[in-house]
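Asker: Given the coordinates of chain A, work out where chain B should sit on it, guided by the hints.
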Amino acid sequence: MHRYKFVLYRPLQFLPVLFGISVITFILVRLIPGDPARVLLGTRATPEAIARIRAQYGLDEPMLAQYFYFLRNLADGEMGRSILYKIDVLKLIATRIEPTLTLVLCSVVLSVLIAVPVAAIAARNQGRLADQVIRIVSTFGIGFPPFWLGLMLIILFSVELAVLPVSGYGNTLSDKLAHLVLPSLTVSLSLSTVLARSLRAAMVEGLKSDVATAARARGMPESIVFWRHVLPNSLVPTVNLLAVNIGWLIGGTVVVETVFALPGMGQLLVRAIFSRDYMVVQGVAMVFACATVLINFLADIVTVALDPRVKL
Amino acid sequence: MIAALLKVTDLTVVHDGDGGERTLLDAVSLDLAPGEVLGLVGESGSGKSLLCRSLVRLLPSSRLRISGGSITLSGRELTTAPEAEMLAVRGGEIGMIFQNPSSHLDPVMRIGDQITEGIRFHQRLDAKAARAAAVDILAQVGFPDPARQYDSYPHEFSGGMRQRAMIGAALSSNPKILIADEPTTALDVTIQAQILRLLMDIRARRGLSVILVTHDLGIVAQVCDRIAVMWQGRLVEIGEKRGLLAAPAHAYTRSLIASHPSLPEEDMPAKAEELRAPGAVPVVDIEKLHVRFATGGLFRRGAVDAVNGVTLRVMPGETVGIVGESGSGKSTLARAVLGLTPVSSGTIRFDGTDIASGRAVLGMLRRQTAMVFQDPFNALNPHLTVGKMLAEVLRVQGKIETAQIPARCGELLDLVGLGRAFLDRKPRSMSGGQCQRAGIARALAVDPKLIIADECVAALDVTIQAQIVELFRELVERMSLTLIFIAHDLAIVRNLCQRVVVMHRGVIVEEGRSEEVFSRPKHAYTAALIAAVPHIDPDKPLLAPSKMATPQADGVAN
Numbered sequence: 346m347h348r349y350k351f352v353l354y355r356p357l358q359f360l361p362v363l364f365g366i367s368v369i370t371f372i373l374v375r376l377i378p379g380d381p382a383r384v385l386l387g388t389r390a391t392p393e394a395i396a397r398i399r400a401q402y403g404l405d406e407p408m409l410a411q412y413f414y415f416l417r418n419l420a421d422g423e424m425g426r427s428i429l430y431k432i433d434v435l436k437l438i439a440t441r442i443e444p445t446l447t448l449v450l451c452s453v454v455l456s457v458l459i460a461v462p463v464a465a466i467a468a469r470n471q472g473r474l475a476d477q478v479i480r481i482v483s484t485f486g487i488g489f490p491p492f493w494l495g496l497m498l499i500i501l502f503s504v505e506l507a508v509l510p511v512s513g514y515g516n517t518l519s520d521k522l523a524h525l526v527l528p529s530l531t532v533s534l535s536l537s538t539v540l541a542r543s544l545r546a547a548m549v550e551g552l553k554s555d556v557a558t559a560a561r562a563r564g565m566p567e568s569i570v571f572w573r574h575v576l577p578n579s580l581v582p583t584v585n586l587l588a589v590n591i592g593w594l595i596g597g598t599v600v601v602e603t604v605f606a607l608p609g610m611g612q613l614l615v616r617a618i619f620s621r622d623y624m625v626v627q628g629v630a631m632v633f634a635c636a637t638v639l640i641n642f643l644a645d646i647v648t649v650a651l652d653p654r655v656k657l
Numbered sequence: 042m043i044a045a046l047l048k049v050t051d052l053t054v055v056h057d058g059d060g061g062e063r064t065l066l067d068a069v070s071l072d073l074a075p076g077e078v079l080g081l082v083g084e085s086g087s088g089k090s091l092l093c094r095s096l097v098r099l100l101p102s103s104r105l106r107i108s109g110g111s112i113t114l115s116g117r118e119l120t121t122a123p124e125a126e127m128l129a130v131r132g133g134e135i136g137m138i139f140q141n142p143s144s145h146l147d148p149v150m151r152i153g154d155q156i157t158e159g160i161r162f163h164q165r166l167d168a169k170a171a172r173a174a175a176v177d178i179l180a181q182v183g184f185p186d187p188a189r190q191y192d193s194y195p196h197e198f199s200g201g202m203r204q205r206a207m208i209g210a211a212l213s214s215n216p217k218i219l220i221a222d223e224p225t226t227a228l229d230v231t232i233q234a235q236i237l238r239l240l241m242d243i244r245a246r247r248g249l250s251v252i253l254v255t256h257d258l259g260i261v262a263q264v265c266d267r268i269a270v271m272w273q274g275r276l277v278e279i280g281e282k283r284g285l286l287a288a289p290a291h292a293y294t295r296s297l298i299a300s301h302p303s304l305p306e307e308d309m310p311a312k313a314e315e316l317r318a319p320g321a322v323p324v325v326d327i328e329k330l331h332v333r334f335a336t337g338g339l340f341r342r343g344a345v346d347a348v349n350g351v352t353l354r355v356m357p358g359e360t361v362g363i364v365g366e367s368g369s370g371k372s373t374l375a376r377a378v379l380g381l382t383p384v385s386s387g388t389i390r391f392d393g394t395d396i397a398s399g400r401a402v403l404g405m406l407r408r409q410t411a412m413v414f415q416d417p418f419n420a421l422n423p424h425l426t427v428g429k430m431l432a433e434v435l436r437v438q439g440k441i442e443t444a445q446i447p448a449r450c451g452e453l454l455d456l457v458g459l460g461r462a463f464l465d466r467k468p469r470s471m472s473g474g475q476c477q478r479a480g481i482a483r484a485l486a487v488d489p490k491l492i493i494a495d496e497c498v499a500a501l502d503v504t505i506q507a508q509i510v511e512l513f514r515e516l517v518e519r520m521s522l523t524l525i526f527i528a529h530d531l532a533i534v535r536n537l538c539q540r541v542v543v544m545h546r547g548v549i550v551e552e553g554r555s556e557e558v559f560s561r562p563k564h565a566y567t568a569a570l571i572a573a574v575p576h577i578d579p580d581k582p583l584l585a586p587s588k589m590a591t592p593q594a595d596g597v598a599n
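Line by line, the protein sequences are chains A and B. Read in the working numbering, the first sequence has 434 at position 89, and its numbers run on one by one without any break. Read in the working numbering, the second sequence has 418 at position 377, and its numbers run on one by one without any break.
It should be emphasised that the hints constitute simulated quantities derived from the structure, not laboratory data. Computed from a predicted model, the values in this text were never measured in an experiment. Honestly, I wouldn't trust all of these hints.
To be verified - Selected chain A positions facing chain B (in silico; Cβ < 7 Å):
| # | residue |
| --- | --- |
| 1 | P510 |
| 2 | R563 |
| 3 | A650 |
| 4 | P653 |
As the list claims (entries may be wrong) - Computed cross-link-like contacts, BS3-like style, restricted to lysine-lysine with a CA-CA straight-line distance of at most 30 Å:
| # | chain 1 | residue 1 | chain 2 | residue 2 |
| --- | --- | --- | --- | --- |
| 5 | A | K553 | B | K48 |
| 6 | A | K553 | A | K431 |
| 7 | A | K553 | A | K436 |
| 8 | B | K217 | A | K553 |
| 9 | A | K553 | B | K563 |
Just so you know, even glycine gets a beta-carbon here, dropped at the ideal spot from N, CA and C.
One chain only, chain A, in its complex shape:
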């Protein structure tokens, strides 16, 4: 099992990565023009009141000192207090993490469920009608921006057919899932086309490969050749593509959550940016960064499990 040894020491490599991310988010947030105290108090605030708020949140201290406090808080497992919501940033994120997490999870599962069969149909009918149709549709899928796709889906399923809720998030599990159908579909229509194209290309190669020829020469029917030899060999490159795209997807929830008014972290991030709520922006960015790092780590584990030749 020594091939999985990297699971033990790879997390050590995350520390410098996360440190770098903390520096970048800290600086970027403060580069946005504007002042959280002024946003909070409104346009008619007196300079004294603004100074008081700034002192209260440590915003009057030098940047380096502020960053030091930020790091010290992180070490204590805290991310400071939200200026806008007046509660601890971690607690705030905890209340918002569920819709985002479920959205990402549903989208990924749905994307894979769409991509694998679609790619299989296209690859096994390479050059024929089914393949052409799938390729054209998937080109459109990549071309359409998710927010537009989301709006179209709302018009079709919620407004015209009235089978699914327009926006928001429910309380019971079934209610929540019903609210997540359209957002997940919006995301996976884009994501699955990316995956399907990569998977199709790998499968077309695989069907022509020596491995497939050898299996056919052993008398294996096309179905076994495909599902047992071509598919497993095609998955490896696609897993890494999926990991990269999940990273992108986490950032993309900002758009989707706004379109569907989902009370998740994407929405939180948008509001925090508008009100210059530095602590919240930093916190959410850190959580997103951690998630992306974690997903790539998981993808490495899956790759090692899928391909016995890989050593990490």
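Answerer: Chain B in isolation, oriented as in the chain A frame:
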């Protein structure tokens, strides 16, 4: 004559292209008796592999189709059989093994499972019984610990063991005919001998008929009963091997036999001993050279001595062959001489100057040495015409005036026998042999003192190989070149080189005049290498059991 098991009559395969039909197999007829070994020889593109694929109707492209003729297997017609019946024929009655086991075995599937797959499908056994049968087959094909090795993946084995695994997979469904398409071309000679012996053992034990596709007449002479010769899609000659080798009827067969390198040459290379005049400075003087490669990751470091204390001198005008199996360090040695690989310890002097003494020396080295590579096609820039490629080298070298470059390009092409028409050709429109000639012309453009050719004929057909070797011989004589010729093919080295160096695991185990070394090898390894070369004379048996290494010898890598 025994009734034929497989009978092919006037089999014709055509390619439906944009420019109409092209005939790739032209009315091929042959038959195969039970238990017979038929050797199928011919150069690349002659249709050997296509014929094999056609027998099981696995044509490599959808544009190919069988347009005529018939294939009957035990009285059943295969050209018109429904696909479902063909599934039972493939594997179940006709098994196939291929040249490159590394690419034909599924890298992400356990070795044993790839054998079990066929057993379960064809014999409908349950998982447990199929596994037991697969373990048994692994033992039969020479896996020393089959129960454990069942769960290993292909990359964990050496090339020879992978080929054994592929033979196992082909045998899994008890076929009556085994088609082996160049099964040993990618293997070292000693491993090749083991695999051939295994094939013959299996054939004897199971009463298999075998169609053995190869370009090596030596193999055919050693293991086959009959020989069929293919040329440009046609079967030009077929017959019992002794008769055919003794009295070839077709011109191509004659040239194939003539170019087979295992034939002793009447005129050995001229004796060049006088070249070693006392006081002459060696072109290459290697002393106690070590090249070590680090292995392993961050936590477990190791090192492999690719070259482990080599001392070698090459005098001006000498032709030295370096032979050895893959992994013996011959290519690493060559790269070190050209300053392409960092040296761990020891010294290399080129023309008396230590090549480690600065960048200027390295520049000098580059202007006076050239390399010819194994893969002639990929070693040439696909976007440049041959003329532009040569002109570029000449311009960079700056040894001759710019105005004279075009004339020199033409001379170079004349020198390698390509002719000036090739100035405007690109590699894509040239054959392998032509590409290699262009590669040699590029090496000569440097006007080098020393040429190192690393396995430069390994990828070429036998008749082309002979032509390239002849070219080298001429060039060496005419231009007083010094040549280091690296090859795993002993016969070619014997024909070309005055002196031979035998490498094994990073050390030189033997060196001396070619005739000496090959006729009276002193080291056991050299003797084993020579014994493993299939001789074209069927009466000089290759597979004498006493000299054979055990299958375990090439055991599990890693």
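Asker: Classify the hint on A:R563 as holds or violated, based on whether any CB of chain B lies nearer than 7 Å to its CB.
Answerer: Constraint on A:R563 satisfied, holds at 4 Å.
Asker: Against chain B, with CB atoms and a cut of 7 Å, does the hint on A:P510 hold up?
Answerer: Constraint on A:P510 not satisfied, violated at 43 Å.
Asker: Take a quick look at whether B:K217 and A:K553 sit within 30 Å of each other, Cα to Cα.
Answerer: 27 Å, holds
Asker: Assess, step by step, whether the Cα of A:K553 is no farther than 30 Å from the Cα of B:K48, and give holds or violated.
Answerer: 29 Å, holds
Asker: A:K553 and B:K563: Cα distance at most 30 Å?
Answerer: 48 Å, violated
Asker: Does A:A650 pass the interface check with chain B, least Cβ-Cβ distance below 7 Å?
Answerer: 10 Å, violated
Asker: Given the hinted pair A:K553 and A:K431, is their Cα-Cα distance within 30 Å?
Answerer: 61 Å, violated
Asker: Has the given pair, A:K553 with A:K436, been kept, meaning a C-alpha gap of at most 30 Å?
Answerer: 54 Å, violated
Asker: With a cut-off of 7 Å, does the beta carbon of A:P653 approach a beta carbon of chain B closely enough for the hint to hold?
Answerer: Holds - the Cβ of A:P653 comes within 7 Å of chain B, reaching about 4 Å at its closest.
The earlier numbered hints that this structure contradicts are 1, 3, 6, 7 and 9.
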